[in-house]
Amino acid sequence: MFNKVSADLIARLRAIVGEKQVLEGDAIGADYAHDELPGGAAHMPEAVVVANSTEAVAAVLKLCSEAGVAVTVRGAGTGRAGGSVPVNGGVVLSLKEMNNIVAFDENAGTLTVQPGVLLQDVKAEAEKHGLYYPPDPGEKTATIGGNASTNAGGPCAVKYGSTRDYVADAVVVLADGSISSLSENSALSAVLGSEGTLGVITQLTLKLIEKPACDVILFLPFMDAESCINAAIKLRESDFAPAILEYLDTDMVEFSGNVTGNPIFPIEMDGERVGATLMLTIEGANDDELDEKMEAVAELAEELECLDILVVDTPTLKRDTWDAHDAFHTSTETAKSEDELNVNVPAENMAELVAFAKAQGEEKGLKVLTYGHVGSGGLHIHVLSDSGKAEFAPEMAELAGAVYAKCAELGGSIDGEYGVGYAKKAYLKAALSEEQYAKLTAEKAAFDPKGILNPGKITV
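Just so we're aligned: 350 in the numbering used here is position 350 of the sequence shown, and the numbers increase by one with no gaps anywhere.
I should point out that these hints are in silico values taken from the structure, not numbers from a laboratory. Keep in mind it's a predicted model, so treat the numbers as computed, not measured. One or more hints might be untrue.
Computed list of lysine to aspartate or glutamate pairs in DMTMM-like fashion (alpha-carbon distance at most 20 Å, straight line) [claimed, not checked]: (1) 211 <-> 313; (2) 406 <-> 395; (3) 140 <-> 302; (4) 367 <-> 391; (5) 140 <-> 125; (6) 406 <-> 333; (7) 358 <-> 323; (8) 367 <-> 254; (9) 425 <-> 398; (10) 406 <-> 362; (11) 211 <-> 289; (12) 318 <-> 308; (13) 140 <-> 323; (14) 367 <-> 224; (15) 234 <-> 326; (16) 96 <-> 31; (17) 96 <-> 121; (18) 234 <-> 302; (19) 211 <-> 224; (20) 123 <-> 299; (21) 389 <-> 333; (22) 140 <-> 333; (23) 234 <-> 283.
Beta-carbon label-pair distances, calculated as ranges [claimed, not checked]: (24) 209 <-> 18: 36 to 44 Å; (25) 334 <-> 190: 34 to 42 Å; (26) 426 <-> 1: 42 to 50 Å.
By construction, the Cβ of each residue, glycine as well, lies at the ideal position given by its N, Cα and C atoms.
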């Protein structure tokens, strides 16, 4: 379907970006063949082009389009769905050196950056100007371009939304090398969340907001997952405007705590095992307002059916809490075999999907550990096994198919926070209606008629 990268093409690419900015053969590092997808296969590109400007990206895409060569865009490679992996070979277009903070507009409250800027640096730059960039999908070393390409959300999406909600403008290069922007063409908004299959984002103008003056984290332990999630839904629909509503399954909490030695979240209360814990963050304009909200939550304790309310209000405890939360991903990597299913499901159906996934895992002798963002419906399902990869792979594929089908039945979507990539591609068509799938394929054909951008992902 795609042509190979020729010596002539290599020479012409080097004429665009410079001799040292094009890698081929043994000069291509192994990292370019994979992302952080657990158990993902390695796919080496034929060439890597490290671009440093919008104009260079445009010239590279025009050249590759004319040559019929596949192009896979890559940032930091922190994705977990294989989205930046060149499954069809061709050229990897790396934007890692497009990492400049371009401008801060005080009047508009916006920050303009190149796509290779890391999320942690976007947040730090916003803070430097006394402002706040809310989206926080967890991996702080991901690039902001990658976040925009997957429309990353995270725990605070319940109050603040996802990356797309903070994109005021974006410069986009299409497959034929043409350059445009959201402000010039609103149809380009489809590129946000398209995982590099519709266009290449080369600049983002991000909206910043005022940072809340103060906040507090509360742990609300429950006897079971359903009570925990139902309480979260009640709080989401209240006047508290919670910033974070995290469902934390105790099996996950205990496993991670044993690995890290940092058992921050409750496992037992009064000698009884906790089923799940709600991690609630509320914010206030001042301490008095925060105290009022805390008192209101306490008054709801009986109605919410929580076992207790534990307060996390010092900088050290807050940092330890987030360290323990962030360790959920890394702790599961200690298993002999592991994988993760990441989906979005309506909050009212989250407990049912959790129970289903656990039952499927138990049936197959697999350990299933879960946590989720109740506000946005994002659910992380980690699957662990003591078996080797050869035995684990078919069991995992069967479990994934069942969970994704159940997710769709419950009104959810399988893309989750990581996107579809190639890892979920085989399951996507079954999870969508014919109309939804047809819309995706038609959109791809309209934006990228030759299909050279990130082939092998989502629908193509």
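Verification of the hints:
1. 211 <-> 313: 17 Å, holds
2. 406 <-> 395: Holds. Residue 406 to residue 395 sits at ~17 Å (cutoff 20 Å).
3. 140 <-> 302: Answer violated: residue 140 to residue 302 is near 37 Å, above 20 Å.
4. 367 <-> 391: At roughly 15 Å apart (the allowed maximum being 20 Å), residue 391 and residue 367 satisfy the hint.
5. 140 <-> 125: 13 Å, holds
6. 406 <-> 333: Given that 20 Å is the threshold and the Cα spacing comes to 26 Å, the pair is violated.
7. 358 <-> 323: Outside the cut-off at roughly 25 Å; violated.
8. 367 <-> 254: 13 Å, holds
9. 425 <-> 398: 15 Å, holds
10. 406 <-> 362: 16 Å, holds
11. 211 <-> 289: 15 Å, holds
12. 318 <-> 308: 18 Å, holds
13. 140 <-> 323: 12 Å, holds
14. 367 <-> 224: 18 Å, holds
15. 234 <-> 326: 26 Å, violated
16. 96 <-> 31: Holds, at roughly 13 Å.
17. 96 <-> 121: With Cα atoms ~14 Å apart, residue 96 and residue 121 stay inside 20 Å; holds.
18. 234 <-> 302: Given that 20 Å is the threshold and the Cα spacing comes to 13 Å, the pair holds.
19. 211 <-> 224: 34 Å, violated
20. 123 <-> 299: Judged against 20 Å, a Cα distance of about 35 Å means the pair is violated.
21. 389 <-> 333: 13 Å, holds
22. 140 <-> 333: Since the Cα atoms of residue 140 and residue 333 sit roughly 18 Å apart, the hinted pair holds (cutoff 20 Å).
23. 234 <-> 283: Given pair residue 234, residue 283 holds - Cα atoms ~17 Å apart, limit 20 Å.
24. 209 <-> 18: 36 to 44 Å: Holds - the Cβ-Cβ distance for residue 209 and residue 18, about 39 Å, lies within 36 to 44 Å.
25. 334 <-> 190: 34 to 42 Å: 39 Å, holds
26. 426 <-> 1: 42 to 50 Å: Given range 42 to 50 Å: violated, Cβ gap about 18 Å.
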